[in-house]
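Listed in order, the protein sequences are those of chains R and W. Its first residue numbered 1, the first sequence is counted upward by one per residue in the working numbering. Its first residue numbered 1, the second sequence is counted upward by one per residue in the working numbering.
Among the clues, some could well be false.
Unchecked claim - Under the rule of at most 20 Å between Cα atoms (straight-line distance), these lysine to any residue pairs were calculated in the SDA-like manner:
| hint | chain 1 | residue 1 | chain 2 | residue 2 |
| --- | --- | --- | --- | --- |
| 1 | W | K8 | R | V54 |
| 2 | W | K327 | W | L69 |
| 3 | W | K283 | R | V226 |
As the list claims (entries may be wrong) - Here are the computed distance ranges between Cβ atoms for each label pair:
| hint | chain 1 | residue 1 | chain 2 | residue 2 | range |
| --- | --- | --- | --- | --- | --- |
| 4 | W | R237 | R | A151 | 51 to 59 Å |
| 5 | W | N32 | R | G156 | 48 to 56 Å |
| 6 | R | E365 | W | R188 | 52 to 60 Å |
| 7 | W | E317 | R | H326 | 43 to 51 Å |
| 8 | W | D70 | R | R16 | 55 to 63 Å |
| 9 | W | G295 | R | A221 | 24 to 32 Å |
| 10 | R | G156 | W | T157 | 52 to 60 Å |
Claimed, not checked - If you want the ones that stay clear, here's a sample from chain R, every Cβ over 12 Å from chain W, calculated:
| hint | residue |
| --- | --- |
| 11 | A6 |
| 12 | V25 |
| 13 | G46 |
| 14 | L75 |
| 15 | E172 |
| 16 | S179 |
| 17 | A183 |
| 18 | L257 |
| 19 | A287 |
| 20 | A368 |
| 21 | R373 |
Hints in this document: simulated from the structure, not taken from any laboratory. The beta carbon of each residue, even a glycine, is placed where N, CA and C say it ideally should be.
Residues per chain, in single letters:
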Amino acid sequence: MSALSADGLPEESIRRRARDGTAAVFPALDGYGRRLYGAEPAAGGGDELDRVRVVPPVFVPLRLEKLYELGREPLYGDVDLTAAVGGFASPLPLFVCAFGSTQVAGAGDLGRAVSEQAGRLGIPMVIGENVVPMHGYRDAGLLSRIRAYAAAVPDGLGGVVVQQSTEDADAEVWNLVYSDPVATELLNTGRLAFELKVGQGAKPGLGGMTVLPRAAAASVAGQFLVDDAFGAGAPTVLRSSSPGTFTEEILRQQVHLMRNNYPRARTWVKLHPGRDVGQAAEIAWAAGADAVTVDGAEGGTGWAPPVFLGQVGLPLAECLRRIDKHEASLLASGRVWEGGRALKCLAMGATAVGLGRAALLAADEDAAEGLVRLVRCLELELRLLMSALGKYAVPDLGADDLWLPSEGSDRDRL
Amino acid sequence: MTVAPVMKAPLPPGTREHLLSPVTHAALRLQNAIAIASREFLAANGFVELLPPMLGPVTDPGVRGAKQLDVDFYGHRYKLMTSVILYKQASLLAFDRIFYLAPNVRLEPLETATTGRHLVEFHQLDVEMRDATRDDVLALLQGLMRHIVAHVLRECTGELAALGRDPGAFTALLREDFERMTHAEAVRRLQGLLHGQSADAEIDWYGEKLISEQTDRPFFITDYPKGSRGFTDGESRTEPGVLRNFDLIAADGFGELASGGERTHEYRRLIERMRESGENPSKYAWYLELARDGGLPASAGFGLGIERVTRYLGGLETVWQATAYPKLPGVLAP
């Protein structure tokens, strides 16, 4: 290394690329399987949703309505948080997001710990794509998560949502689950859904990515792109899925076919924060989707190139702004972990919000109770916030409840 | 969501009891006559019978909710045929008119075990004609059904008597053209019967039984909406979203006997339709190469369920009575 320097440029990053080649397009490999990745909040105040403030009014006509109903002054315990989430009854406007095939959640006990706790809470849970091709179906794989959830969930609440990607179609994940006795009870009680994964927030336009030992790569090379991105002699390789090709007609017909082939399951569609996200949501709903999930650019992942984490995709707030109201569910995810951000999403039109990385961290902290405790905190915050706003049911929330400093006094611009 | 009434057809007895049953004997003799009559009719119309392939890297994807069976083929995942549709199209490179009497295996959803109409292992008379239209194959199928029925009425009087089947049930079939109605019309009729049939999905199993109970001879439902079928069913050039396909539905509640139509055969259309049905085109490499390099012939055809036709002609309560070794969804049997 010479004494050359270049002020104003990220010199170390440039030198890392010069040293390591395409490995430097990705996060440092020693974090794989132990770190969860996502967009860095902008310096000095987070993303737009973080900067939004919740603004309770002085006059609270809906509190008066509640007072009539109760015959006493309402309190935060009187807030009704029940929600219909993509065709499922949930005690809270919450669900657990998909996490897929990365080492973090794929093969270990963490996926099962989250499943059991989500079941106990009665909130819907999504199981990510590529779990079957990477970790199998029965023992360590997908069915163990469904079984853990089903054993814990109270009657009449929640539901399990199973994703299938383009590569998963080879493994026929939905056909397997639809005919499996383990899922029969959920199916018979209307608590099974299939989710078409169009994309995800952390890497819009890319398919799933995992890092594999070179020796394990041969077994999946027929199905996935296996790339020497970390160097020709490196012990690990990059395994990438296809993002799948979508046009309006392809999306519409895939939803139709899901409803046709699995008439007793609910149909969910997960979108990445694309610039046409509003149009895509409309098409999915019109084709009969029970829920559209929008994963904002803040959404987490087990592995993604930082250029996507930092510079690609619409922030969640902008996604919500671009999607018009619809009677079917709109679900939102992206860095949600506490009640404030959850409430802001709900006030901007979401039916429910998803916990992704936060759910994994919580279960990692305490495999038996971590997620339950995290959700109880979020629940209490939602009750306190809604009560402060003088609103006692989730659908009553609206843009008036929020204020964004950069937009001055114009309330209508949210 | 529509929830149709649960159908509760009985399950098969043990193998010995089934094989010793006079009902099984009559049904299998009837089936034998159906196969003879089919071959006779198709040979007279210039069709070449090919022996069916059983394994391939891919198979028919257009099967609602049914799982395919994987086979380890020297370290590669192959499939048992759910139908030979892809091979039917390819075989037209050799002959203009072909047919197979082909075994199919589909792991149908558990809920179909008691419909009386689903088997995991069954056989289809699979017919394909180069450069044919849907009208051509509707006429061919009507002619085939009449030929089969006339043959059975002539040759199987003892079997029909043993099964208690009144030959008068087929008078209208032999005399009158089979009615044709569009899927949209079928949906309207079902909704008129207070059945909550979805307008953009396949006619559900109960709906099929219901509509089949309203007639005295088989009829065709045409023009299914695109999202209800796999990519091989051809889409109308003049009415986007409408498929140039059909089902043949039996009278008296016996339900679907055959499916068919004009086929998707152009390379670009195949790619689009594969994606619209959630398929990964790379799985279909051998078939797509044929379509791209020199092209697949335009064609139309159908697959006629042999056990289902046997059930209809014999008036059997369930379709498993028309097979010696019934395999029903989720039921372990030899």
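Q | Non-interface claim for G46 of chain R, where every Cβ of chain W lies beyond 12 Å | A | holds, 37 Å
**Q.** Check on R373 of chain R being off the interface with chain W, judged by Cβ distance over 12 Å
**A.** holds, 35 Å
Q | 20 Å limit on alpha-carbon distance, applied to hinted pair K8 of chain W and V54 of chain R | A | violated, 56 Å
Q. So is V25 of chain R really clear of chain W, every C-beta pair being over 12 Å apart?
A. holds, 25 Å
Q) Is the Cβ of A6 of chain R more than 12 Å away from each Cβ in chain W? A) holds, 44 Å
Q | Beyond 12 Å from every chain W Cβ - status for L75 of chain R | A | holds, 38 Å
Q | Non-interface claim for E172 of chain R versus chain W (Cβ beyond 12 Å) | A | Violated: least Cβ distance 6 Å, not greater than 12 Å.
Q. Taken at face value, is the distance from the CA of L69 of chain W to the CA of K327 of chain W at most 20 Å?
A. Distance of about 14 Å is within 20 Å: holds.
Q) Is 55 to 63 Å a correct range for the gap between the Cβ atoms of D70 of chain W and R16 of chain R? A) At roughly 44 Å between Cβ atoms, R16 of chain R and D70 of chain W fall outside 55 to 63 Å, so the hint is violated.
Q: Would you check the hint for K283 of chain W and V226 of chain R, treating anything up to 20 Å between C-alpha atoms as holding?
A: Distance ~17 Å between K283 of chain W and V226 of chain R Cα, so the pair holds.
Q.
Is 48 to 56 Å respected by the C-beta to C-beta distance linking N32 of chain W and G156 of chain R?
A. holds, 53 Å
Q. Is it correct that the beta-carbon of S179 of chain R has no partner in chain W closer than or equal to 12 Å?
A. Answer for S179 of chain R: violated, closest chain W Cβ roughly 5 Å.
When the structure is compared with the earlier hints, violations turn up for hints 1, 8, 15, 16, 17, 18, 19 and for no others.
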